[in-house]
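Visitor: Produce the complete structure using the sequences and hints provided.
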Amino acid sequence: MILYIENPKDATRKLLELINEFGKVAGYKINKSLAFLYTNDEKSEREIRETLPFTMARKRIKYLGINLPRVTKDLYAENYKTLMKEIKRDTNRWRDIPCS
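Here my numbering is used: the first residue of the sequence shown is 6, the next is one more, and so on.
Hints may be right or wrong, so weigh each one.
To be verified - Only pairs whose alpha carbons sit at most 27 Å apart, straight line, appear in this in silico DSSO-like list of lysine-lysine:
#1 Lys67 - Lys86
#2 Lys48 - Lys29
#3 Lys64 - Lys37
Derived by calculation from the structure, the hints in this document are not laboratory data.
Guide: Structural data, given as structure tokens:
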């Protein structure tokens, strides 16, 4: 699950309450050791770190096979460019495989 919060400093307490309530109702337990948090600035990060039990993501995380960088403009470079390199490398390697 990915959540985008407009004002994380004020919303963190309510977010934790909702996550815990959902866990009780649904019978699920949120694995907080696998949860990551991105912030827009370091000041917010320091303030939130004290209230949330989540890991603060430094550069990027991988979610469903996609690298999610901290800066959105890096999304293309982190995913598409590397994928194209892999595809080109694979097709070049497959060219020499004899098949009919």
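Visitor: Does each hint hold? Answer for all of them.
Guide: Right, here's what the structure says about each hint:
This hinted pair checks out: Lys67 and Lys86 have alpha carbons roughly 16 Å apart, not beyond 27 Å. The straight-line distance between the Cα atoms of Lys48 and Lys29 is roughly 33 Å, outside the 27 Å bound, and the hint therefore fails. For the given pair, Lys64 sits about 19 Å from Lys37 by alpha-carbon distance, which is consistent with the 27 Å threshold.
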